[in-house]
Amino acid sequence: MVKQISYGTHEDQHYDIYDNEQKTSQAWIVLIHGGYWRQKYSKAMMDLMIDTLIEAGYAVVNVEYRRGTAHPWPIPSDDVAAAIQHFKASDYQPQQLVGIGHSVGGQLALLNAQLFDQIVALAPVTDVLYTLHQHLGQDAAAEYFDSSSTHTMRAASPLMQAPIDVDTLIIHGFNDTSVHMDTTLSYVQENYKHGQYLTLYALPYLDHLDCINPGATHLNMLLEWLAHRTAGDTV
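Residue numbers (the UniProt record's numbering): 1 to 235.
Some hints could be false.
[Said to hold, decoys possible] Derived DSS-like pairs: lysine-lysine, alpha-carbon spacing no greater than 25 Å straight-line:
id: 1; residue 1: K3; residue 2: K40
id: 2; residue 1: K3; residue 2: K23
id: 3; residue 1: K43; residue 2: K88
id: 4; residue 1: K193; residue 2: K88
id: 5; residue 1: K3; residue 2: K43
id: 6; residue 1: K3; residue 2: K88
id: 7; residue 1: K23; residue 2: K43
It is worth saying that the hints were derived from the structure and are not from the lab.
Build out the structure end to end from the sequences listed, making use of the hints.
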């Protein structure tokens with residue numbers, strides 16, 4: 001049964017709770033969708049992953065946030081932070097939170113790393129300026145950030161905020177044309193330079209949207225990584 005909780009007054013400030021009576025871990029998975037900041041993409045993008053995560057023994061939270069040009073940066077990041085803080089203070093009293101973000105959702109998870117115990121970033125946007133200059137996502141950065149300053153775009157880039165102080169897995173495909181692997185490699189290297197070691201599964205073939213396809217082969221790798229970090233939390 002799904003329960004929707006509001007964390008603000010706007011219709012997009014809510015999250016869905018999928019509690020799991022058969023859960024085998026105290027860890028909650030927090031899903032954060034992407035969509036290159038565009039309003040037309042919603043948390044429904046992550047629905048395909050929910051059943052798989054529940055079958056693996058986890059309870060799930062699927063976060064919605066304000067996005068689109070009517071909600072300029074840093075509203076999406078602030079909303080994600082507010083949603084997580086709201087859930088942490090709820091009666092569910094989560095003992096462990098694992099953030100799984102796809103594309104811009106990965107960006108939002110990485111920028112709010114302090115709120116998670118672990119992060120899984122699926123083809124994350126880590127460098128907004130690169131995204132702008134490469135015209136990725138049909139010029140998504142130019143559309144959303146518009147006349148925003150370089151300072152704002154740097155602040156929105158996890159690359160510029162490295163290192164991250166949370167156990168993190170990144171999964172990315174070399175053939176991804178929506179978010180380039182080069183940005184992920186730069187992000188991992190930047191963290192390494194600061195003494196922070198991230199886990200990277202760099203796959204030869206993983207299309208951008210296949211990252212959130214539960215039938216894709218990488219999902220077993222993701223679940224195995226999670227299992228090693230949530231083991232012993234059985235309830």
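Original post:
Okay, which hints does this one fail, numbers in order?
Top reply: Per hint list: single violation, 4.
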